[in-house]
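Listed below, chain by chain, are the residues.
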Amino acid sequence: MRDIAGTVACIDGNTFMVSDASGDVGSSSGTPVGLFAADTRFLSRWRLTVDGECMTALSVDDSEYFEITFFAVPGEAVDYVEADVSAIRRRRIGPDLTESVTIFNYGERDMTLNVRLEVEADFADIFEIKFDVGDKVGAHYTRVGPNELRLGYRRGTYRREVVVSASEPAEYDPGGLRFAVRLRPGQQWSTRLQAVMLALRPDGVDLRAALRAQRPNDSTLPTSMRDWVAAAPTLDTESVGLQQVYHRSLVDLAALRFAPLSLGGESVPAAGLPWFMTLFGRDSLLTCLQTLPVTPSLTPPTLRILASLQGARTDDVLEEDPGRILHELRYGESAAFEEQPHSPYYGTVDASPLFVVLLDEYERWSGDTALVLELEQEARAALTWIDRYADLTDTGYVWYRRRNRVTGLDNQCWKDSWDSISYADGRLPGFPRATCETQGYAYDAKIRGARLARTVWGDPAYAERLESEAAALYDRFNRDFWLADRGFYALALDHDGTPVDSLSSNIGHLLWSGIVPPERAPRVVEHLMGPALFSGWGVRTFAEGQRRYNPLGYHNGTVWPFDNSFIAWGLRRYGFANEAARIAEGILSAATYFEGRLPEAFGGFDRDTTKFPIRYPTAGSPQAWSSGATMLLIRTMLGINPHEDHLAVDPALPTAFGRIALLDIPGRWGKRDAFARQRPDQR
Amino acid sequence: MSEASAFFERLSVAGRDPRFSKVCGSVRFDIRDGGHLEQWRLDIDHGELRVTRNGGPATTVVNVSAQFADAMARGEVNGLAAIARGEIMVDGDLALALRIGRLFPRTSGPPQRHDSDAGT
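Heads up: the sequence lines are chains L and A, in that order.
Add 602 to the 1-based position in the first sequence for this note's numbering, that's all there is to it.
Add 665 to the 1-based position in the second sequence for this note's numbering, that's all there is to it.
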């Protein structure tokens, strides 16, 4: 996996290692390279030398996300390498790191080689790396044993350790280990290196032991990956590119699964490499919504863990309220010592409505009413949160204004960077703010909550109340957010109710939520597919012509695959099948330029100008909801929808694809196939 | 009586909590003060809450110092952070411990500092 320029990543959920192309990790305080688990860097240096020379990789095999093989020779890369000595490093990530190193002598002489592994552990919290904070409060310690090197960090009762050892005799010192290797011509030598990561309680119990128990041996991970792929529907298409994108997305979703300790072995999606390798409310919910037709097993554990951590009290640091679904959960030192508010942080206004939306959509697919009953209390609490805690101005909308003024988020919608919500002329609105798509989610949550209340919870009175609230919100929203002269919805309302008049991709989510009256939909669609928003690859987050538009602006002009997948879903909901197909074609074609892996975002440059999608410099990749976008776009092209106990299929393919079949789609109907073929008259 | 003891005494009066209507299990708190061990046990059966001093086996065992238990009773503790920090040690069903954590009050305020013994 090679998406941070020049680096290679090996992933197993929230345990991952990012190294350079030869497998080494050097000192680099401000970049997320090294071995990480649970938001902590356990190895900040891991560098192999032979006779003092670094290795250069000739070839890297990273076809499995949890295992990487580097074929390397000593010395700097030169035009012509004549190497007598070569090496293979096979790295595998599981609960811990293992790396087998094999050295070959293909020369004609006997050799005595000084093989050295340099090791350092800074135990940096991911946020110390992000903000480039060097000083740590606690103390590091080093213990050199005859058969291991133990590096540790202690701050009060907080203690993390990494224990490095090798299967072959080695000489250990505080900076690493050394092997004296004698090789005759044609001989080879191997050792198996191990780095065991410990999160130690004061009584010596390792918090990570439970993770190790879930993975009794090395072979479990490849098996679980094969089972994961085998359990998913098969995609049959003549498009090699689409095949590749589908397979890559499926495998990346597997790579990002991690098992929080409180779930007893069940997995939920981490949001993305390298900065977001943890549970995010919004990302995990949207990823589950995208992937229900393909990998529905992600959804129950995601709903359960979000329910178990649902807000119960009022806390201005965590921005917790009763019923609020969390934004971000972290396990590192900054969360442990409450220097960052991520234990967990609740600063999001969309996760709570989306929790209800997912619960309903999941039931439509699975028929799993048991889960809907199990989570009734939490779903009701999330719905109550919308009206009781999010309506900061008593105007009937979901608003946000951060209460944690030190480390809280300014913008608590999906576009959560500081400058993402602005007027067309560039002015930033005041607080609180109410963004348009959140109102759509709230509307949808009420409609769907009503369905669950009527059909599963046996509470028709609650259903009627929710429906009348939804109807009132629909009217209110269409009165206050609609810019009649422009023909689209305002991005947000300013604190005083003034519409924030910029044109943005957010209006596409409104179609998905169903809050747009059918007679207004054509004008919204015209904007979405017009030149200011549609780049040819996809809908830009922010339209050309707005003052803050920048094709490389994180939320101000780039194209986000996840965003587009929900817009496409919305377009199909309103009958704009051709427009949805255009988006599917654009995004899925873009993926082929990223080796089948859709990044978090890419540049908003016009497709006619650049011919290929422009990489966004710090885009996360793999990113769960970008992998999920593939699945949702396939869903929209096939037009598959659960309809009572059967699966309805209503395909609309873009001309780029002649034939798509998705076989064995799981659901309440058992398994069904969906076929789509280009009709000759559409060519 | 310690603040923690007073907290558990109050809880034993509460009897029923609708938030736990789907929860079954037992949580034992082992509160240590030097060599002294104080044990409180919560049995939850579909929302019925029973508090005893029974030291028998439980689904979940929570180990804390007496000082820290008092801080929990005062609402000064973020449970997840304290678990990551090693100040609360949970054995058994962690999910149940997190649910039970909602019984404790939480006062809102600036982040607590926990650096008194840093660098040891």
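Please keep in mind that the hints were generated in silico from the structure rather than gathered at the bench.
Where a beta carbon is used, it is the ideal one built from N, C-alpha and C, also for glycine.
Accuracy of the hints is not assured; some may be wrong.
[As the list claims (entries may be wrong)] From the structure, some residues in chain A lie toward chain L, with a derived Cβ separation under 8 Å: (1) Gly680; (2) Val688; (3) Arg697; (4) Arg718; (5) Gly721; (6) Ala749; (7) Met754; (8) Gly757.
[Unchecked claim] Pairs of lysine to any residue, SDA-like flavour, derived with a Cα cap of 20 Å: (9) A:Lys687 - L:Leu865; (10) A:Lys687 - L:Pro1256; (11) A:Lys687 - L:Thr839; (12) L:Lys1273 - L:Thr609; (13) L:Lys1273 - L:Pro902; (14) A:Lys687 - L:Thr609; (15) A:Lys687 - L:Leu1154; (16) A:Lys687 - L:Asp663; (17) L:Lys1213 - L:Arg1175; (18) A:Lys687 - L:Arg784; (19) A:Lys687 - L:Asp1061; (20) A:Lys687 - L:Lys738; (21) L:Lys1213 - L:Met1131; (22) L:Lys738 - L:Thr839; (23) A:Lys687 - L:Lys1213; (24) L:Lys732 - L:Pro924; (25) A:Lys687 - L:Pro902; (26) A:Lys687 - L:Pro924; (27) A:Lys687 - L:Arg982; (28) A:Lys687 - A:Gly700.
Hints the structure fails to honour: 1, 2, 3, 4, 5, 8, 10, 11, 12, 14, 15, 16, 17, 18, 20, 22, 23, 24 and 28
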